[in-house]
Amino acid sequence: MKPTFWHRVDKFARDLTPFALTFILLVIGAIPFHIPGFAQVAPLLPMIGIYFWAVYRPDLMPSAAVFLIGLLHDFLSGLPVGVSALVFLMVQGAALAQRSFFFGKSFVIVWIGFMFVAAGALAMEWVVLSVIAGEFIHARTALYQFGLTVAIFPVLSWMFTRWQHAFLQVE
Amino acid sequence: MLVGKMEPAAFERARAQVTDAVAPILDAVSRPLDVAHDMIGEGKTLLALREENARLRAGQDRLLQWQAIARKLETENKALRELLNFVPAPDTKHISARVIGDSGGAFARTMILNAGSRDGVRKGQAVITGAGLVGRVQEVGLRSSRLLLLSDLNSRIPVVIESSRVRGVVAGTNGETLRLVHLPPDVVAAPGDRIVTSGHGGALPPGLPVGVVSVVGESGIEVEPFVDPARLEVVQTLDYGLDGIIEFKAGRAEKSR
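Chains as they are written, first to last, in numbering that gives the first Met the number 0: chain A, 0 to 170; chain B, 0 to 256.
Incorrect hints may appear among the rest.
Computed far set for chain B versus chain A, every beta-carbon distance over 10 angstroms [as the list claims (entries may be wrong)]:
#, residue
1, Gly42
2, Glu50
3, Arg54
4, Arg166
5, Pro190
6, Gly191
7, Gly200
Listed below are several chain B residues computed to face chain A (Cβ distance under 7 angstroms; list not exhaustive) [to be verified]:
#, residue
8, Arg14
9, Ile24
10, Asp101
11, Leu152
12, Gly174
Keep in mind the hints are simulated off the structure, nothing from the lab. If you're wondering where the values come from, they're calculated on a predicted model, not measured in any experiment. The C-beta atom is built at its ideal place from N, Cα and C for all residues, glycine as well.
Kindly produce the complete structure, drawing on both the sequences and the hints.
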């Protein structure tokens with residue numbers, strides 16, 4: 000049976016949600032919480048979204064979408080344009096490369112994988128920005144940011160998993 | 000990134016448009032957060048009321064003394080100005096704006112304000128609170144603008160040491176303190192010296208408080224800013240009327256070396 004028009008609209012809307020959720024994370028990351036020092040160490044929420052969807056549903060999160068999220072992140076956070084786009088694409092690339100390894104493994108393995116990927120990504124960001132600035136920039140806050148991002152990964156991951164089971168058809 | 004370096008103007012427009020588009024969302028979401036934050040603040044204030052009262056009484060006595068001195072100086076100043084035919088600094092206009100975005104992450108120190116070009120905000124304007132300088136306007140959209148905080152790596156503010164009138168530049172380090180650089184070689188700064196804007200460059204009014212020298216060491220002079228950006232909710236941009244004299248761009252090119 001040929002799917003009806005509304006079926007297709009429905010599927011399209013559902014398939015768009017990984018991108019939409021990641022975008023929402025991006026906006027949440029820009030809200031001022033007025034907690035002293037928090038803005039500098041706030042977890043990099045979009046990175047979690049990108050990694051999660053790259054591991055579990057890469058078909059719904061194409062590289063172009065990742066690039067777009069990265070660009071928007073640069074625009075919103077005031078970083079030089081393209082830095083986050085590059086870093087996020089690296090996260091996606093790393094996740095895709097290890098995808099077959101993660102397949103069927105327990106959540107802890109995926110989490111540890113994220114730890115390595117996030118560490119690499121933040122280090123890369125630091126290197127790129129240091130090159131642009133022409134000097135070594137303070138990286139201590141990035142360490143805290145790394146810790147918080149890794150710490151919040153299970154929470155978001157759980158939410159994404161529920162979302163996936165509820166709204167996204169299996170491959 | 001390379002394209003960004005080659006076509007800064009196009010990207011700046013794109014950036015301002017994206018910020019503009021997201022501004023209403025951020026504005027809506029940040030309001031309840033501000034209320035919650037205010038309520039927590041109220042609670043804390045109530046707890047510390049007695050102590051606060053005693054401190055304020057002591058402070059008031061001191062301030063009254065200062066007021067007397069200020070009055071005396073004001074009349075003296077006025078008289079001297081009249082004697083000299085002094086050209087006064089142009090009047091400044093204040094535009095108040097709420098902080099609706101604080102998304103710097105670990106490597107950038109910027110904030111998004113809910114006022115833009117239609118409210119009179121212009122690029123390069125000083126952004127202040129009652130306590131002192133916060134930073135300056137980096138980009139302007141129609142209804143939002145981006146504030147570059149003093150602590151950002153790209154921030155350079157021409158300043159003077161208040162007591163000795165020696166000129167220098169306060170540079171952001173991405174860390175919590177600022178650095179005082181480009182001082183003449185033989186100048187000594189001591190911890191406790193107040194740093195204020197010099198007005199050189201034309202975009203910032205002279206005399207805005209920036210910070211206090213905290214550490215003078217081998218690695219340079221560190222300045223503790225007066226304003227803690229983490230707690231900012233409402234700021235004012237200063238329309239000084241002179242922001243066209245020196246292009247803000249020129250300063251940026253020098254900064255991004």
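**Report entry** Index of numbered hints that the structure contradicts, given in increasing order
**Finding:** Those not satisfied: there are none.
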